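Trainee: First to last, the sequence lines map onto chains A and B.
Here the working numbering is used: the first residue of the first sequence is 1, the next is one more, and so on.
Here the working numbering is used: the first residue of the second sequence is 1, the next is one more, and so on.
Keep in mind the hints are simulated off the structure, nothing from the lab.
As the structure is a prediction and not an experimental result, all values here were calculated from the model.
For each label pair, taking beta carbons as the anchor points, the in silico distance ranges come out as:
| no. | chain 1 | residue 1 | chain 2 | residue 2 | range |
| --- | --- | --- | --- | --- | --- |
| 1 | A | A377 | B | K293 | 38 to 44 Å |
| 2 | B | G137 | A | L335 | 24 to 30 Å |
| 3 | A | K332 | B | R387 | 40 to 46 Å |
| 4 | A | D226 | B | K292 | 53 to 59 Å |
We put the beta carbon where it would ideally sit given N, CA and C, even for glycine.
2 protein chains.
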Amino acid sequence: MTGNVIVLGGDGFCGWPTALHLSQLGYDVTIVDNLSRRKIDIELGCKSLTPIATVEQRLNAWKEVTGKQIDFVNLNIAEDYHQLRDLIIDVEPQTIVHFAEQRAAPYSMKSPTHKRYTVDNNINGTHNVLCAIVESGVDVHLVHLGTMGVYGYGTAGMAVPEGYLHIFVDVEGTTKEVDIPYPSNPGSIYHMTKTLDALLFYYYNKNDELRVTDLHQGIVWGTNTDETLLHPHLVNRFDYEGDYGTVLNRFLVQAAVGHPLTVYGTGGQTRAFINIRDTVRCIALAVTNPPKKGERVKIFNQTTETHRVRDLAELVSSLTGADVRYYVNPRKEDLENELVVKNDGFLELGLQPITLSEGLLEEVVDVATKYRDRCDASKILTDSRWREDIPLDHIGSEIPAMLEEDFIAAD
Amino acid sequence: MTGNVIVLGGDGFCGWPTALHLSQLGYDVTIVDNLSRRKIDIELGCKSLTPIATVEQRLNAWKEVTGKQIDFVNLNIAEDYHQLRDLIIDVEPQTIVHFAEQRAAPYSMKSPTHKRYTVDNNINGTHNVLCAIVESGVDVHLVHLGTMGVYGYGTAGMAVPEGYLHIFVDVEGTTKEVDIPYPSNPGSIYHMTKTLDALLFYYYNKNDELRVTDLHQGIVWGTNTDETLLHPHLVNRFDYEGDYGTVLNRFLVQAAVGHPLTVYGTGGQTRAFINIRDTVRCIALAVTNPPKKGERVKIFNQTTETHRVRDLAELVSSLTGADVRYYVNPRKEDLENELVVKNDGFLELGLQPITLSEGLLEEVVDVATKYRDRCDASKILTDSRWREDIPLDHIGSEIPAMLEEDFIAAD
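Starting from the given sequences, assemble the full structure and let the hints guide the process.
Mentor: Printed below as a string of structure tokens:
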């Protein structure tokens, strides 16, 4: 594979292993990142469970191990529009992969300041990228990391299609059939910003014929990939705290440090999952299979399996002996939902999904155990809440008994 | 009518007559405005055809004529979040009417700077209002000025419903019926921001049970209302230039100054219209008929009739003797479209629409004629364009002959 690729947010949890994977495949990679995720670590008084190296150390190690050069530009795409535009003109990327958004739902719900930051940062960031591509005149394919959360969950028993819904509408007694963008139903401010992104893509695709692929990703688990294992300085970040930690990774760390597994509500939420190794493979497939000029926004459900949260907790418990505990749910969501997701797009492009297996879970447990002394147990539960009417002192509290009314109250 | 109402953008073309009308009806009105529209006049080197007074002169005149007090707060809702929140806590409004957005499609397409300003200003402004209402704890009904443009035009021969579409979906062989938000299809960056607003409303209504009414307004024509006619300092603004001037008002000024009527493309675009007097009545109806707590976002099509642009040009021509000329269309839109719009919501609330009639057109012609010396003819055509592949020197050019291929090229 050859050509120039810019990875926006290339220092983050998904961006970093993606940048390495694309570099390994032969692309000339430029990372753009303002290091906001590292700064949020400082704000939250917490850090990656794995000891991540600085960007400079990371890139030096990559060069040392592989001989490949990855460039790094520190800029804020939501603010530094002209630098971004000029970079696109300079680099002439065939693809821009866009991870550069605030990506934690609980963080987006922490306070009005966090809600406003998430909206301002994510929408201006995405819009700047689109506007800069058009202004640059470079024929860029934009690959965007979205989320399964744009669909909302529990979609009327229907398998969630890949972005578009085929509907029948009555027009004066005649039935018309048409494909529409799947109606969005976000569950947090963060998820809402991704539904706004989708409308930005829709518009720029229609008006400017921009080629866009939007990846509706499930919840990522795992930490390392073939590339991040090549050198200690290449290790990927591992978030275990209540805001940025993804559910399965959090369970595995909790087990490693002897904390009960923190199930919110009944754990009846069914969610879509993907291993980080599949994330980087899916993005490589998206990069090599761009939509044609004039084609509508290409949408993939970037996910490989679905699980109920309490089933995951039971699985981790059986593997590690950890207790499972049920906490007051800070979110506003259905207590229980079914979820069936179509992911034919990537399967047709040859993805062979890594599904949950004890072997891969143990790999993560090993990482968690190795670094458990770096875990600050006080950060395991979020202090975010979705509604003002959940008392703050209920957040982080165990549900006293498995009584139905408690769950209803908690929801 | 009693109670406190905040009118965001209350110094603008729709906001000002609305503020007066609500004050006249008995509401205690506070106008919030950062005077951005007056500053854009300076940027564009143009001004309202009518000589509008300063805000202070306006409010003094209103007090002098009616004895009623309207308060004014100069703040930028997209930036001054904490002042906005504190104002809501102080005023405890039962309703906030939100006009405070950049509202011209051609202006939003002028350059990357204008695109980015429109997105940043409109989305952060609307989100700040929503966030501030929730944080304030005040039970506010938000009434938002949206646009018919969120639907896109030419919607498969279907009468455009009021915000929600009833669809049939196949779920494993069974047909399910469901109401979804009408799929949006914006035609400019400006219109796109209104579709983003709609998702913000959807989310805050769902998560925080905020009561929201969204008004999908047609193209406004006319200038004065009963209240703005009460004193010369109360006169409403009248935009005639290519960016902010609305089509029918522009035709009437063009006729008054002896400029040909500027039809873009074939003039086959069918659009929805409303007179400014009906705008203020509709908003009063929306204010007095809020949705219930827990009710979904209430959406009205705030429009009273539809017309094809070339028919309007012919009507104005027959009334005034003006020539009709066809110009290269800077927009990306269908050459011809049908449009049927449902507006049952306001009719059921008692609206008796003012429709286009020679009498009312003549009222506007009188205003245009009275102030025609204030018209700068060089500002009549926009220099905005929707696509880079329309040569800049084609913008503002007459189409040489009524040849079909010219129109296709222009589109």
